[in-house]
Amino acid sequence: MGKPITVRAPGKVNLYLAVGPTRADGFHDLATVFQAVSLYDDITATPNDGGITLSMSGLGEHLPVDDTNLAVRAAAALAREAGVDLTETGVDLHIHKRIPVAGGMAGGSADAAGTLIACDALWGTKLPNDRLLALAADLGSDVPFCLLGGTAVGYGRGENLTPLLARGTYTYLVATMLEGLSTPAVFKEFDSGQSGPVPPPEVAPTFLRALAQGDTQLVAYFGRNDLMSPALELHRGARHVMEFFCQHSLTVMISGSGPTLIAQVESVERGEGLAERLRNWPHVADAFVVTGPVTGVEFVPDRYAPSRTRDRALDSHPNRTRDQRPDDEFGDDAFAGDSELDASPFDTSPFDTSASGNSASSSSSSDVDDAILRHPSHRSRTVRPLLRVIRNDDEIPPDDAAPTPDADATALDAPPDGAGTSPHAATPSDDVPPRTPNDPRTDT
Numbered sequence: 000m001g002k003p004i005t006v007r008a009p010g011k012v013n014l015y016l017a018v019g020p021t022r023a024d025g026f027h028d029l030a031t032v033f034q035a036v037s038l039y040d041d042i043t044a045t046p047n048d049g050g051i052t053l054s055m056s057g058l059g060e061h062l063p064v065d066d067t068n069l070a071v072r073a074a075a076a077l078a079r080e081a082g083v084d085l086t087e088t089g090v091d092l093h094i095h096k097r098i099p100v101a102g103g104m105a106g107g108s109a110d111a112a113g114t115l116i117a118c119d120a121l122w123g124t125k126l127p128n129d130r131l132l133a134l135a136a137d138l139g140s141d142v143p144f145c146l147l148g149g150t151a152v153g154y155g156r157g158e159n160l161t162p163l164l165a166r167g168t169y170t171y172l173v174a175t176m177l178e179g180l181s182t183p184a185v186f187k188e189f190d191s192g193q194s195g196p197v198p199p200p201e202v203a204p205t206f207l208r209a210l211a212q213g214d215t216q217l218v219a220y221f222g223r224n225d226l227m228s229p230a231l232e233l234h235r236g237a238r239h240v241m242e243f244f245c246q247h248s249l250t251v252m253i254s255g256s257g258p259t260l261i262a263q264v265e266s267v268e269r270g271e272g273l274a275e276r277l278r279n280w281p282h283v284a285d286a287f288v289v290t291g292p293v294t295g296v297e298f299v300p301d302r303y304a305p306s307r308t309r310d311r312a313l314d315s316h317p318n319r320t321r322d323q324r325p326d327d328e329f330g331d332d333a334f335a336g337d338s339e340l341d342a343s344p345f346d347t348s349p350f351d352t353s354a355s356g357n358s359a360s361s362s363s364s365s366d367v368d369d370a371i372l373r374h375p376s377h378r379s380r381t382v383r384p385l386l387r388v389i390r391n392d393d394e395i396p397p398d399d400a401a402p403t404p405d406a407d408a409t410a411l412d413a414p415p416d417g418a419g420t421s422p423h424a425a426t427p428s429d430d431v432p433p434r435t436p437n438d439p440r441t442d443t
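Per numbering that gives the first Met the number 0, the very first residue in the sequence shown carries number 0; after that it's consecutive.
What the hints contain is simulated information worked out from the structure, not anything from laboratory work. Some clues are possibly wrong.
With beta-carbon atoms standing in for the labels, derived distance ranges [said to hold, decoys possible]:
id, residue 1, residue 2, range
1, Arg79, Glu268, 47 to 53 Å
2, Asp137, Thr86, 20 to 26 Å
3, Thr161, Ser194, 28 to 34 Å
This one's a predicted model, so the numbers in the text were calculated from it and none came from an experiment. A virtual CB, placed ideally from N, CA and C, is assigned to each residue, including glycine.
Take the sequences, apply the hints, and build the full model.
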């Protein structure tokens, strides 16, 4: 029986998301800019004698493992498309999740994209790229982007992609919430807030120029997410964290339909300092730093497994109900910026948009290595270092800042004082204090 194939698939953030009118099929037209970031799920495909099985670890331990899971559906769709007889040649899938569930970072889509690539290599189906992209689009709006990675503009439901040149390295502080949000519920809230016809969505040319020029300040200023207000309306905890972000960051938005919050910061060190303060907050599941853009789905040869991405220690977090050990094999520095990965021999994407064929391989080790070497990385063009300090006068205030946890939500409509802040960001208020172990508060 063949050798297991492991790939890693990145999460994404939405740097720009304009929502248009509802279509006849019930979806909304979108104009969005995706960026893949250095937070990964690992997907391992092992051959079996028939059928598709799935097991999960990490943040996915509570997820269903039947055919309602997008990864199982991806494997089945590939088998149908390529004519693989699942009664004779099946696959055991294992996914180690680090991308938050129901958080707006395309965790399920990343798993589906990784499954397509891993099974294509395992079964040697060698589907052309256009057929893989078509399968991906049928599975979900974000799946095609998770295949490609980098930075891209998406139209339609987000599945019609055009890669973008995005100079510069972007550093984001990410806060995930203990409670997720339903994407349909957020769109329903968006629809209920519209008093008239919704115009067709488009990405502002000024935003695209800022990306091409690598001007991180203007990218932050012109960033937009039309789902931010409806998501904050539905998620009280995200509103409080939003206020904290607005005090200390250049810009803040939700990713996708939320409730995960992202804030652009000027350095990994700055972001880690703020993340440390957020991890004990009520409503917050975790806070960490990621960078982008990164490549899409890529193979992980055995000699480099596991993926060099850090898992957070969940067992010590006061808000956690699940026990999970961190994967500290590569240390803290491996997570911040993936600097070691940038020079690794497996820094290549199996999805090559310049070729007509896909990088499927047989299950032998040498064939897999050859396939990896044949396919150049789909990473965005060589990025230059972030040269500009964004807000070096924005110091982290002391932890004993006056708390106002019940700040009026209407304060979220106006931008904070100071140049360079996003016109779509919320007005900051004082920090919401972290919950102590004996805190009697309950949240509704």
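Results of checking the hints against the structure:
no.	hint	result
1	Arg79 to Glu268: 47 to 53 Å	holds (49 Å)
2	Asp137 to Thr86: 20 to 26 Å	holds (23 Å)
3	Thr161 to Ser194: 28 to 34 Å	holds (32 Å)
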